[in-house]
Amino acid sequence: MAAYLVSVLNGLAMGSLLFAIALGLSLVFGMMDVLNLAHGAIYLAGAYLAVALLPGDDVGMGTFVLAVLAAAAVGAILGGVLAGLTRATPGHLDQALLTLGVSLVVAELLSVAFGEEVHAIAAPAPFDGGVPVLGETYPAYRLLVIGFGAVLAVAVYLLIERSRFGSLIRATVADRAMVSALGINTGLVLTGVFAAGAALAAAGGVLAGPILGAQPGLDEKVLLLALVVVVIGGLGSVRGALLGAVLIGQVQALGTSLLPEYASFLIFVAMALVLLLRPAGLLPPRTAVRT
Amino acid sequence: MTPVLELRGLTHAYGSLRAVDGVDLSVLPGERHALIGPNGAGKSTLFATVAGTLPATGGSVLFDGQDITALSESERARRGLLRTYQHSSLFLNCSVLDNVALAVQRVDRVAYRFDRAARRFGRTETRARRHLESVGLIGRAADDAAALSHGERRQLEVAMVLASQPSLVMFDEPTAGMSAAETERFADLVERLPDDLTLLIVEHDLDVVFRLADRVTVLHLGRVLASGAPEQVRADNAVRSAYLGSARTDDLFNGGPR
Amino acid sequence: MSVRAFRSMRPAAAVAALVTGILALSGCGGSSLSQSGDTQSSGPVKIGLLVPLSGVYAQLGQDMRDGFKLYLDQHGGKLGGHTVDVVTADEGEGPQTGVPAAQKLVNQDHVSAVAGVVNSATALGLRDFFDESKVPLLVANAGADDITGARKSLYVWRTSFANGKVAGALGPTVVKEASGPVYLIAADYAAGREMVAGFRKTFVAAGGKVAGEEYSPFGKTQDYQPFLSKIRTSGAKAVFAFYAGAEAVSFVKQYQQFGLADRIPLYGTGFLTEGGALAAQGKAAVGVKTSLHYSTELNTPRNTEFVAAYSKAYSKSPTVYAVQAYDTAAVLDKALAKASGGEKLATALTGVGPIDSPRGRWSFDADHDAQQQYYLREVRAGSGDTFVNAVVGDLS
Amino acid sequence: MNRAAATRRTTLIAVAVITLLVAAPLALGPYAVTTMTRMLAFAVLVLGVDLLTGITGLPTLGQAAYFGAGAYTAVLVGLHITSDAMAQALAGTAVGLIAAAATGWVAVRARGIVFLMLTLAIGESLHQVAATWPAVGASNGLAGMPPITLFGGPPLLPAGFVYWWVLAAAITVFAAVTLITRSPYGRTLRGVRDNESRMRALGYRPALARYSVFCLAGAIAGAGGALWAAQGRFVSPGDLGFEVAALALLSVVIGGAGSLWGPCLGAALVLLVRDNLSASIGGHGPLVLGLVFVAVVFLLPRGVAGIRHRRESRS
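Just so you know, the sequences run in chain order V, A, S and D.
Read in order, the letters of the first sequence are residues 1 to 291 in the numbering used here.
Read in order, the letters of the second sequence are residues 1 to 258 in the numbering used here.
Read in order, the letters of the third sequence are residues 1 to 396 in the numbering used here.
Read in order, the letters of the fourth sequence are residues 1 to 315 in the numbering used here.
These aren't lab readings, by the way, just hints derived from the structure by calculation.
Where a beta carbon is used, it is the ideal one built from N, C-alpha and C, also for glycine.
Cross-link-like lysine to aspartate or glutamate pairs, in silico, EDC-like; alpha carbons within 16 Å at most:
id	chain 1	residue 1	chain 2	residue 2
1	S	Lys237	S	Glu177
2	V	Lys221	D	Glu243
3	S	Lys283	V	Asp128
4	S	Lys46	S	Asp85
5	S	Lys69	S	Asp333
6	S	Lys152	S	Asp128
7	S	Lys237	S	Asp262
8	S	Lys220	V	Glu261
9	S	Lys283	V	Asp57
10	S	Lys283	V	Asp58
11	S	Lys316	S	Asp385
12	S	Lys220	V	Glu220
13	S	Lys316	V	Glu117
14	S	Lys209	S	Glu177
Residues from chain A shown here face chain D by an in silico Cβ test under 7 Å; the list is partial:
id	residue
15	Glu73
16	Phe91
17	Asn93
18	Leu102
19	Ala103
20	Arg106
21	Val110
22	Ala111
23	Tyr112
24	Ala117
Far from chain D, some chain A residues (derived; all Cβ distances over 12 Å):
id	residue
25	Met1
26	Ser16
27	Arg18
28	Gly40
29	Thr183
30	Arg192
31	Gly228
Could you build all of it, start to finish, from the sequences and the hints given here?
Here's what the structure looks like:
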């Protein structure tokens with residue numbers, strides 16, 4: 001029985017990472033109807049930045065935090081550039097393809113810079129060992145990740161649901177035209193959210209480093225997971241992204257341990273099921289009533 | 001004779017707001033029935049509930065005596081209950097001819113045929129062109145719908161509806177945005193329509209209403225205020241105050257102090 | 001220029017690009033209507049090197065190119081007396097890119113033989129093509145048993161290994177060393193299943209008991225916690241695992257992070273801790289025992305001299321992939337002495353005899369597969385902060 | 001009359017292109033002909049995607065699943081039943097149709113991005129089935145298919161004959177899709193693309209139109225898969241992966257969604273970049289494809305909505 005509890009715990013760890021990564025993707029889609037297929041590549045850029053900044057086996061907590069902040073900055077810049085590019089293209093299919101093109105370019109440049117082999121990133125000093133949990137040793141670093149996920153969820157909830165800037169974001173998701181009619185420069189809001197989402201994804205790359213490492217092809221895998229999370233949660237909603245991340249985290253951890261032979265199908269079956277029952281996702285954002 | 005359209009206590013509520021509140025209405029075959037009322041009276045909501053775009057939250061809709069409250073919008077259209085749109089809703093990237101032909105080919109049951117080019121379905125093509133001619137758009141047949149002016153789009157909207165061989169046509173503010181000449185052409189067109197065709201027109205232009213309508217129903221705050229012959233409704237005090245909103249109607253006419 | 005004119009320019013530009021592309025492809029004549037026979041030429045011999053330049057296996061491709069080149073440099077760029085012109089093509093990640101690349105080497109570059117191929121699906125997909133084109137293919141890595149089994153051909157030879165044999169060599173040793181049932185786990189693709197089947201056959205034959213068997217989704221699993229928990233609760237006393245590349249790194253590191261490493265010994269085939277994977281795993285891999293037909297720590301004079309030459313040339317230590325390509329060049333060196341292409345070259349391959357390789361003397365068996373000695377290796381700390389696969393003993 | 005002149009011009013161009021294509025094997029070497037054969041088979045898949053994305057406005061990332069299903073069927077038929085190319089192509093088309101019909105009803109319940117995600121889910125699930133099901137060779141795929149024969153004739157080993165068979169089949173599909181776009185059904189599809197709510201108001205059932213075109217596109221993708229297998233005589237899970245579906249969608253966008261010969265050109269260019277150019281630049285093909293993606297979206301903004309300027313030549 002303990003094994004399944006550990007899987008649940010592990011699901012929370014993966015869920016926290018997925019939430020950090022998927023949040024930006026969801027908000028950007030909610031506000032701009034843009035599916036940012038370059039989100040995985042921004043995550044990978046963060047991961048490779050961690051490889052560059054945190055070589056070797058012993059990594060201090062200080063340098064680790066610095067790496068996270070550096071990745072966030074790089075992510076924000078990439079996000080800003082992408083926001084500018086996507087807002088210059090008409091039509092959703094164009095924007096999705098533009099981001100897919102950018103992701104191919106970024107991923108390939110990273111493999112040119114860092115080579116093709118697999119890079120591992122060490123967990124920061126105090127958390128690199130194992131900790132007895134429910135009779136099994138469990139990597140302490142993943143508990144740190146769960147902690148980070150909880151803090152991020154609360155912080156984002158307060159920012160989005162309670163602060164003035166948050167109400168602005170939610171309003172833009174609901175009806176962008178109306179918000180700009182009120183004289184608010186929605187362009188700035190969009191670029192801001194795009195950059196913040198990308199910063200979070202890049203920071204996620206560093207945080208996931210000790211678990212997933214950095215190698216070519218990881219961007220596609222992470223993008224697919226993030227897409228499933230946001231579609232299940234409800235495109236454009238923060239609560240949706242949180243619920244989707246926790247759900248997919250559990251499907252991956254608990255689902256795999258319960259039905260290992262179907263592990264590869266579980267995520268897509270889960271998504272298809274949700275979309276069949278609730279096409280708009282489990283917790284869709286409140287959008288304006290458009291008659 | 002059974003009315004073509006009969007509404008019994010029809011209701012549609014957005015949450016607690018009852019936009020359409022227990023409306024009873026009947027439209028006899030061949031009748032030109034106008035529906036008027038100040039803005040926000042619930043005309044468009046009533047319209048959409050009858051057409052099936054919005055679900056009724058109460059009461060029922062009978063068409064040719066049969067209860068169609070539960071039927072989908074496309075099912076009602078297939079039975080001959082057609083509507084136009086206030087903000088014209090067309091196929092902008094298709095040609096003007098295609099827009100009308102889409103209506104005709106559904107009636108001719110060739111909409112899913114892909115064994116021959118559309119040009120070679122003679123009957124459908126000629127009937128589509130005939131409908132375009134009736135609204136004076138035959139010259140623009142090959143152009144895209146997006147290239148049409150606002151007035152021309154309204155006329156194309158009419159042509160599409162008539163091309164679907166309706167038994168009841170619901171016009172949603174057909175002359176909104178039309179020039180005087182176009183309004184005149186529309187009124188002539190309606191007058192030339194066959195007598196077996198029943199019309200329900202929502203319209204603000206009272207001249208058009210009183211020229212075309214056999215009966216007029218006035219809607220106010222989601223409820224029927226008055227219904228009857230045009231002259232009778234025009235004289236009705238309740239209608240005037242509802243429309244003009246001022247207690248003393250004479251102020252309005254001799255420019256009282258503002 | 002109005003948008004409409006600009007738009008109509010696009011198809012014209014596209015047609016121009018396409019025509020130049022096709023012309024670039026056509027290269028030389030040789031009508032496509034006759035059966036594509038080979039062209040005997042006395043001049044320099046062209047050898048095709050089909051290795052991954054991009055994608056997940058690119059690192060293996062690099063090692064193989066270095067190994068092949070080292071042999072050529074050591075022999076003045078000549079094989080079997082012919083100066084050799086090596087034509088490299090990108091196998092990519094799978095048959096979608098590998099098959100057309102091979103067709104280019106044979107049909108357009110008219111190579112006398114092709115060496116390389118990392119991916120088993122590509123190798124199996126190319127078997128008929130090489131058989132019909134009567135051009136020898138020297139598989140320098142792909143381990144699918146069928147390549148030299150059910151799909152055997154006079155033109156397909158393998159200088160690397162068969163999945164079943166590498167894993168099978170480890171069976172008896174694990175029975176001796178493990179104090180109880182053993183858990184089997186691998187990535188869920190053909191190589192994974194063939195490895196586990198090969199190991200289970202000799203392991204059960206030697207009296208071993210299987211505690212459980214599980215396959216993780218290939219290429220899609222980043223987190224192995226669910227499988228590791230299953231291993232712990234199964235009460236297994238040892239684990240046999242097959243993973244390669246990035247998955248090997250994740251599995252071995254997480255095996256140590258979840259505290260299994262010091263309580264349940266981990267066994268596997270050499271690919272679990274080879275080259276780039278070992279470097280990324282670091283101290284997490286210490287103690288992992290694997291079976292393979294090569295290790296840099298083999299202290300035979302032939303190997304020490306090879307390791308020295310390779311490290312001097314590329315300032316990195318060689319991997320089994322480099323040795324396999326190096327030996328492929330050696331095989332070609334012997335065969336090309338007798339014939340320069342086509343069926344004669346294929347028959348010449350049958351008489352190549354034993355190869356004196358850094359991995360030890362080996363020769364082709366009746367199925368054109370490498371008949372070779374496998375070694376038991378254990379990961380230990382090497383010089384500086386590197387780690388190596390120390391040779392513990394010979395496997396039967 | 002402008003219309004007659006336009007039609008004559010289009011047929012003239014069409015005849016010229018077809019004669020050029022038919023003559024290709026006489027002039028080009030076996031490798032070039034093999035590459036063109038692969039381009040034709042891929043173009044058939046792209047025609048299916050164009051019918052779905054360009055004509056009906058449903059962007060999809062799952063057509064590779066039916067392309068792969070058709071290819072697997074053709075190889076299985078080739079291995080066990082008959083090496084007759086016609087039978088393989090028909091079997092591939094039928095399986096593509098059935099697979100699309102079986103999975104399509106899930107996808108057409110949604111539109112836009114959710115539809116895209118559902119097709120992605122279908123594509124990835126079928127890819128997993130192919131990669132793990134031993135009966136179809138799991139991750140090693142199916143090899144060893146004997147060369148195709150036509151009307152009981154000798155096996156077509158030389159690349160030129162296989163090319164002619166694939167060309168004939170591709171032209172047939174192209175003609176069929178052209179007919180569809182010009183038929184009343186094509187008009188219905190364009191109506192669903194432009195304004196689905198108005199179609200409902202005219203008495204149509206848009207879900208039926210979307211489902212029928214989804215199955216049709218699945219059949220066309222299946223045929224493309226069968227032609228792909230006829231040339232390669234080998235199929236592996238990669239043939240129904242996400243990458244093939246993304247490349248097909250790119251080809252449609254490059255060529256201009258809605259036109260027919262544009263996306264076929266797009267297909268040829270995309271394969272040219274992936275298979276031939278990539279090796280010569282150190283395996284960094286995806287970098288070139290990425291730059292092409294971005295260039296197409298910026299320099300050819302009307303690439304996607306290239307429908308309108310196709311007004312005069314309604315090919």
